[in-house]
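Undergrad: In case you want the letters, here they are:
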Amino acid sequence: MREIRVEDISNEVAKLCIDANYNLGDDIIKEYKRGYEREDNPVAKEVLKILLENAKIAKRDEVPICQDTGIAVVFLELGQDVRVVGGDLYKAINKGVREGYERGYLRKSVVKDPLIDRKNTEDNTPAIIHTEIVPGDKLKINVAPKGFGSENMSQLKMMRPTDGVGGLKEFVLKVVKEAGPNPCPPIVVGVGIGGTVEKAALLAKKSLLRPIGVHNNDDKFKELEEKLLEEVNALDIGPQGLGGITTALAVNIETFPTHIAGLPVVVNINCHVARHKEIVL
Amino acid sequence: MGEIRVTTPLSTEEVRELRAGDRILLSGIIYTGRDAAHKRMIEALDKGEELPFKLEGQGIYYVGPCPAKPGQVIGSAGPTTSYRMDPFAPRLLKEGLKIMIGKGARNQEVIDTMKEEGAVYLAAIGGAAALIAKSIKEAEVIAYKDLGTEAVRKLKVDNLPLICVIDSKGNNLYNREAV
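Chains as they are written, first to last, in this note's numbering: chain A, 1 to 281; chain B, 1 to 179.
No lab work stands behind these hints, which were simulated from the structure alone.
Backbone N, C-alpha and C fix where the C-beta goes; we use that ideal spot for every residue, glycine too.
Each hint should be verified, as a subset may be incorrect.
Covered stretches of chain B (chain A as the covering partner; in silico rule of three or more C-beta atoms under 8 Å from a C-beta of chain A) [to be verified]:
1) 75-86
2) 95-105
3) 123-130
In isolation and in its complexed conformation, chain A is listed as follows (with noise of 0.2 Å):
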């Protein structure tokens, strides 16, 4: 068994925040100029010159690129073969979180009653954590901030089994057009697909973390995600919702096998502050 000291997660966990907040992914970058180039609208076009220089900004003075740092979402993919030594796994995590959020000047957006108080935890946890136990003697750790603008845009559908790909599409599309200008687009758009409530919400999630450019591993999903974009990007929202030709970066789709009598679906919204950093202990 091979040994993790939970001290080592938590300074890496806190690094990967504020990484996370300050600098933007390259990937997203060279969407944003690629949208630049492509747009012919001006508005469209300022609004992506804008991000380009916020980008720049943040990573040049250490700051968030926004003011929403997100809840700390962590998915972890725990190797069987590591041991965890020196205190509790999810503590650490949190502890992570907790340093980081500090150290970076983060915004702490959390709650703990989420319902009747709805007071500020003040620290940014807890962090919601998602493990996956694979073969291995490491430990990979991603941290993925996520704003409220675009999660609250977020839809689950219960699908007939025989709606199909039209169904699909169509579900997609309606909820980025009721979307709209509001979760800060151009946007990455998750969609989760199969097995249940919430495997869909959480494949949904999870391929928010890919990386612009990389698609679906079966050429099937592969050409919906390519097909699925253009139609987003025909319906005109545009970056802010102000129009153009840019409104998503990416659609990214995940499966899991489901039940005869059903086909969950959850489109879970990014904006175009995608953020996403991982380290592998």
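Keeping the supplied structure of chain A fixed, place chain B upon it in accordance with the hints.
TA: Using the frame of chain A, we list chain B on its own:
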């Protein structure tokens, strides 16, 4: 598309000159307020209490900023999604609020009240929070300190870059077929 320099406070006449599609550089004093602060302001009005600031001619920016780093006036400070303030906005507009700054769609009741009272809805670029913070020259919490990032702040802004999305005639840049 004109670029118009606007300084707060605004009279109804000044507001009526702004058009959907105008690019605006806003200077002067504005106040921050989002969900929790709006709820408290409406509760205060219901009880006949004073609001943290006089609404007449003023603007509210829907923002919950990041903490300021040493040497900063304010942390990153982009707009939050405005529809969540829709249940509260008409009441504030009737009390004299002239400018709402946020991002995203508004409901018909808000737009109708804007038309009646003469108010504008200006969009800041969502997610451009590091850049926007550079236009904020002073920031001071003036009420509801316990709300942390959601407290009401008085901001002094200098050429804050905005786009007039919904004007006082109800023209709506998000609804482009109708403009």
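Undergrad: For every hint, state whether the structure bears it out.
TA: Verification of the hints:
no.	hint	result
1	75-86	holds (count 7)
2	95-105	holds (count 3)
3	123-130	holds (count 7)
Checked against the numbered hints above, the structure violates none of them.
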